[in-house]
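Spelled out, the chains give:
2 protein chains.
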Amino acid sequence: MEFTPKKRFFTFIRNLQNEICEALESFEPHEKFIEDRWERKAGGGGWSRVLKGTTFEKAGVNVSEVYGPVPEVLKGTIPESAKDFYATGISLVIHPVNPMVPTTHANFRYFEVTDKNGEIVDQWFGGGADLTPYYLFQEDASHFHQTLKQACDKHHKDFYQEFKPWCDRYFFNSHRNEHRGIGGVFYDHLRPEEKLSGEALEAFQQEIALSFIHAYTPIVEQRIRLDYTRAQKEWQEIRRGRYVEFNLIHDRGTLFGLKTGGRIESIFMSLPPTVRWEYNHSPQEGTAEAKLIQALTTPKNWA
Amino acid sequence: MEFTPKKRFFTFIRNLQNEICEALESFEPHEKFIEDRWERKAGGGGWSRVLKGTTFEKAGVNVSEVYGPVPEVLKGTIPESAKDFYATGISLVIHPVNPMVPTTHANFRYFEVTDKNGEIVDQWFGGGADLTPYYLFQEDASHFHQTLKQACDKHHKDFYQEFKPWCDRYFFNSHRNEHRGIGGVFYDHLRPEEKLSGEALEAFQQEIALSFIHAYTPIVEQRIRLDYTRAQKEWQEIRRGRYVEFNLIHDRGTLFGLKTGGRIESIFMSLPPTVRWEYNHSPQEGTAEAKLIQALTTPKNWA
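One line per chain: the protein sequences are A and B, in this order. Quick note on numbering: the first sequence equals residues 1 to 303 in my numbering. Quick note on numbering: the second sequence equals residues 1001 to 1303 in my numbering.
Hints were generated in silico from the structure; no laboratory data involved. Hints are supplied without guarantee of correctness; some may be wrong.
Residues from chain B shown here face chain A by an in silico Cβ test under 7 Å; the list is partial [claimed, not checked]: (1) 1050; (2) 1066; (3) 1175; (4) 1248; (5) 1249; (6) 1258; (7) 1265; (8) 1269; (9) 1274; (10) 1275; (11) 1277; (12) 1279; (13) 1280.
Below 30 Å or equal to it, Euclidean Cα-Cα: the simulated DSSO-like pairs (lysine-lysine) are [stated by the list, open to error]: (14) 233(A) / 1233(B); (15) 1041(B) / 1075(B); (16) 1083(B) / 1052(B); (17) 1041(B) / 291(A); (18) 75(A) / 1075(B); (19) 1041(B) / 32(A); (20) 1052(B) / 291(A).
Beta carbons: idealized from backbone N, C-alpha and C, even for Gly.
Sequences are here, hints too, so could you generate the full structure?
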């Protein structure tokens, strides 16, 4: 029988959206996420949740479920017989107030294309989670990677060792020769029966998505009460500039959204709230800021 | 005899760089431009000048003169026989502190390609100047456009009426369906003997470049002492976000610089110093902020 987890996976990520939002709200004494429902003209839509709080300067947790005729921009990347597509996913970016708490991003998606008879001609899972610290705490980087690695290891021995360097390659500001953060995992086009059955892939996808909360929230817990200076806040804002550069120049997800008529405000929820570009800024040797840059230049084995 | 203004035009823009920097420094009680000299591996280099002051939060005035074998990224856009290129230009972006003072950008350049015998196979002038207000003062927009129009009109009756809409089309955030600012002039590929001789084009290029100071500085003079609130400053920072979006997503000049190994810090001098992305921000009807948005949606005849 045909494997098609569409509705099941959609239900899973809507529940996950609730769980993640609740986990983040637990760090906020007063603020709650607000939800905006949006519709896509050509089919489907989304549920965008945003929080502006005292722990999280801007947190966005989006779910979308879009479908319809294959958009022009996708042609050439999928089988010629493809007529319709279906895509559902959760995408989140969290920008904390405190520069000692890292920014994080995660995305888990399922994609399917069908031919004129409604038969599936291609389908895959994709996703990932990565961490972008402003000050590097080795134990945070290790915890984040180890948590994701454990989720990977339960499902396939190759996954972490393939998805970790894939993440390093993907979140790379080539114009600066610098990685966006200290990585995590990234994967795409995981097709049923290549390494695992459809059901086993779906189980992996659920496990890694659920592990994200455990990878990130203990780090928030650990760093949230640390003091910081105005200069450290400015350093965070300068580094957030690199985040913007990556998302607007290199990120395929952002450009895909812009080209397929996605909702601008949901796509740009990933952009940090306050950002700074200083001409020719470069941290002094030996400082914590310089150590971060070094870690972003040469990916390391954190797990 | 062959028309080749290379060294003459380069000398002109280096002098213009001095003039513009002095005009801007006259608004600063203490700060002066600092100059960074940089070299391009494959040939040539530049002189980047930056000022961080109390009137101008960030002002960058760059001159570059680059040459050498035609870079890969240019092939296909110039004659096949082209072997070497030469490009020189001045490029500036000024981000004032006070949101009542508009941001401005200008660029004036000369480009030439030669074949294996050193014969010119293509050559052109390009350039433009445009204004990006945060609060719209009709008389400022009119003054800016009229000054540029007068410079155009002295040289060719068609220039302003061609270059004004060209500017509107170019500085357009298609993903927002919104223009970057209230425009000015923009032109490219002005080749000798198409509408004017090489010498006459060069005279036009010099006149419009010189007129930029007169188009912009009286506006600074006029608005610099106006008071503003914190909310108005935040509005400026939100609008600066649109400036970043244009420069990183759409601007051919920025992407050209990144692809041809230009100096990152000189290319990104155009990015505003402090920027803000607020989720789903939209000004209330009838406010000054809403009036600006309206002017950015529908280009107007300002001259």
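Each hint, compared with the structure:
The beta carbon of residue 1050(B) is positioned within 7 Å of a beta carbon in chain A (closest approach about 5 Å), and the interface hint is therefore held. Interface restraint check for residue 1066(B): the shortest CB-CB distance to chain A comes to about 17 Å, outside 7 Å, so the restraint is violated. The closest approach between the C-beta of residue 1175(B) and any C-beta of chain A is roughly 5 Å, which is under the 7 Å cut-off, so the hint is satisfied. For residue 1248(B), the shortest C-beta to C-beta distance to chain A is roughly 4 Å, which falls under 7 Å, so the interface hint holds.
Residue-level restraint check for residue 1249(B) holds (minimum Cβ-Cβ distance to chain A is 5 Å; threshold 7 Å). Because the closest C-beta pair between residue 1258(B) and chain A is about 5 Å apart, less than 7 Å, the hint holds. Contact between residue 1265(B) and chain A, as hinted, is supported at the beta carbon level, the nearest pair being about 5 Å apart and thus within 7 Å. A hinted interface residue such as residue 1269(B) counts as satisfied when its beta carbon comes closer than 7 Å to some beta carbon of chain A; here the least separation is about 6 Å, so the hint holds.
Nearest Cβ of chain A to the Cβ of residue 1274(B): about 5 Å, under the 7 Å cut. The hint holds. Among the interface hints, the one on residue 1275(B) holds; its C-beta lies about 4 Å from the nearest C-beta in chain A, closer than the 7 Å criterion. This hint holds: residue 1277(B) has a C-beta 4 Å from the nearest C-beta of chain A, less than the 7 Å allowed. The interface hint given for residue 1279(B) is met, as the beta carbon of that residue sits about 5 Å from the closest beta carbon of chain A, less than 7 Å.
This hint holds: residue 1280(B) has a C-beta 5 Å from the nearest C-beta of chain A, less than the 7 Å allowed. Taking the CA atoms of residue 233(A) and residue 1233(B), the gap is about 19 Å. The hint holds against a cut of 30 Å. With a C-alpha separation of about 19 Å, the suggested pairing of residue 1041(B) with residue 1075(B) holds against the 30 Å cut-off. Between residue 1083(B) and residue 1052(B) the CA atoms are separated by roughly 40 Å; this puts the pair beyond 30 Å, and the hint is violated.
A distance of roughly 28 Å separates the Cα atoms of residue 1041(B) and residue 291(A); the hinted pair therefore holds under the 30 Å criterion. At roughly 26 Å between alpha-carbon atoms, residue 75(A) and residue 1075(B) fall within 30 Å of each other, so this suggested pair holds. About 53 Å separates the Cα atoms of residue 1041(B) and residue 32(A), which puts this hinted pair outside 30 Å; it is violated. This hinted pair checks out: residue 1052(B) and residue 291(A) have alpha carbons roughly 27 Å apart, not beyond 30 Å.
Hint compliance for this structure: hints 2, 16, 19 are broken, all remaining hints hold.
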